[in-house]
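Take the sequences, apply the hints, and build the full model.
2 protein chains.
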Amino acid sequence: MNKINRVAIVGGTHGNEFTGVYLLKLFEQNLNLVKRPSFETLTLLGNPEAFKESRRYIHKDLNRSFFSQDLQNSILTGYEAMRAKVIEKMLGPKGKSQVDVIVDLHSTTSNMGLSILLGELHPFTLQLAAYLTSINPEVKVCYTPLEQESNLLRSLCDFGFAIEVGPVAQAVLNAELFQKTEELVYAVLDYLERRNQGIIENINSPLTLYRFGGVIDFPRNEHGEIKAMIHPQLQFQDYQPLHPGDPIFLTFDGQAIAYTGTSTVYPIFINEAAYYEKGIAMCLTEKQQLKNS
Amino acid sequence: MNKINRVAIVGGTHGNEFTGVYLLKLFEQNLNLVKRPSFETLTLLGNPEAFKESRRYIHKDLNRSFFSQDLQNSILTGYEAMRAKVIEKMLGPKGKSQVDVIVDLHSTTSNMGLSILLGELHPFTLQLAAYLTSINPEVKVCYTPLEQESNLLRSLCDFGFAIEVGPVAQAVLNAELFQKTEELVYAVLDYLERRNQGIIENINSPLTLYRFGGVIDFPRNEHGEIKAMIHPQLQFQDYQPLHPGDPIFLTFDGQAIAYTGTSTVYPIFINEAAYYEKGIAMCLTEKQQLKNS
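Protein chains in written order, with full-length UniProt numbering: chain A, 1 to 293; chain B, 1 to 293.
Certain hints may be false.
Copies of the same chain are indistinguishable here, so a pair counts whether it falls within one copy or spans any two.
[What the hints assert, rightly or not] Here are the simulated lysine to any residue pairs, SDA-like style, with alpha carbons at most 20 angstroms apart: (1) 3 to 277; (2) 35 to 224; (3) 60 to 49; (4) 227 to 54; (5) 89 to 264; (6) 180 to 236; (7) 35 to 180; (8) 287 to 239.
If you are wondering where the hints come from, they were derived from the structure by calculation, not from laboratory data.
This is the structure:
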């Protein structure tokens, strides 16, 4: 990619993640905050109906509604299936998107701090991630290797990524995290501006990357009901090492359940509210250093 | 009240407050945990349909559905209106309830710790509250003077109270708070058992009471949209003194808004997710010492 011409900031892809929704409102009322000389900035409220009801979605998770075949399927008529088609018209089509970068603003009940979620390891996004970690060491970078086409909203564009902040309860604003997310958005825009102007230097220090390696579900009974909770020692310990034998769950009658893996991993999205229904108690990552040159 | 014959433990009055729901499941599978020799213990899942959808309610807040006139109104047919009538059949009727005590288990995104919410200051509930604070100094006791008939589920019975724990996000289990709530329920049952057996001593040390004195809404624009967040200095500071001039809100563009009251108050339910729609950013209380003899 040479010059960046259009950037989309999306919030409220999940209607109960208020940080992104209210940041969008702020930006839309103060366009100068996100305007930069060398490119156009669009803002988009992902799921307005779900936001009205303070819910993640109405019929289906909008952020799992962007498979090409679903976007082309005229039979799908749930609210999010239709909304995905509208959004594709505004930002897409996939592979030939009208925007160069999508920044999708999310929040989580997990202690994800300020996280950048990447779907592809392209030198452009890696340099951006390295820049963001260099100016704010709190920023963590996660990477999920794609085994198939992505169904995420940000996959409409080759250089889409998510900013994921937490812990914050659903349908709540946390002012501190709001302001940190706001600063991170400005840092992204400033980086893109300087890149367009050719005045950025490559950052050559290694980048710490948390590479997605699978998920662990809650223990469940034969009816699919959970039988245990995240262990208190693991709660809010996202990005911390989890060793074989460490407790991960606690049954309702107080029995600890250990992690039975054979190597140390770094769990993220520990106890994310929206993942109970997806069969995910946490995601496991490997921590790796990436030479960035 | 002489002898206590029946006690109802209710959880999931709000379907996305998981602590109570899963405590009920534990109790129902291990009845001995809540069985005591001198009285009968019932368990009741308040809003099963809302729990299935991980929502507070389907059509209307169940915990605002217990006005006598609503219970008698055959035209009201929303899910919670009907569910309230079913629950009244099981526990009520109001004023002549089939149970002597209702313990309603709630959770909140606010930092309420372990709170007991009382609707009436009766020597019986005051002694119970004093006992609970004596064995666990973490326990706080709140009191809302009733200006009219209560529409809360626990008002079905003269000696109903809520246990309110937090902070915990909606639709999430926090193991530490789960276990603390569990212990508190056992302490209540043990107290009632010993009272029936006549082996409790009155606790004469003064009881600290947080008396409800009103609510503050978020600043809103002409469309009813909130214009500010809870100030970071106030977030999670439930039960701490708030002085005139202290910051309480922060606008989205970063301006602090001060508390304009004329006396020191003790806010609770600060930034409770479910109260955004009710026009409540926090509740204000006065702290008072009650002689308990």
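Status of the hints after comparison with the structure:
In the homo-oligomer, the alpha carbons of residue 3 and residue 277 never lie at most 20 angstroms apart, since the shortest distance is 41 angstroms inside one protomer and 44 angstroms across protomers. For a Cα distance limit of 20 angstroms, the shortest separation of residue 35 from residue 224 qualifies neither inside one copy, at 48 angstroms, nor across copies, at 28 angstroms. In this assembly of identical chains, residue 60 and residue 49 lie within 20 angstroms of each other by CA distance both inside one copy and across copies; the values are 12 angstroms within and 18 angstroms between. Taking the shortest alpha-carbon separations for residue 227 and residue 54, only the inter-copy value of 17 angstroms comes in at or below 20 angstroms, while the best intra-copy value is 28 angstroms.
For a Cα distance limit of 20 angstroms, the shortest separation of residue 89 from residue 264 qualifies neither inside one copy, at 44 angstroms, nor across copies, at 54 angstroms. Taking identical chains as interchangeable, the C-alpha atoms of residue 180 and residue 236 lie at most 20 angstroms apart whether they share a chain (18 angstroms) or sit on different chains (18 angstroms). When the C-alpha separation of residue 35 and residue 180 is checked against a cutoff of 20 angstroms, the pair qualifies only within one copy, where the shortest distance is 19 angstroms, while the shortest distance between copies is 49 angstroms. Taking CA atoms no more than 20 angstroms apart as the test, residue 287 paired with residue 239 passes inside one copy only; the shortest distance there is 9 angstroms, against 41 angstroms between copies.
Consistency with the previously given hints fails for numbers 1, 2, 5, ordered from lowest to highest.
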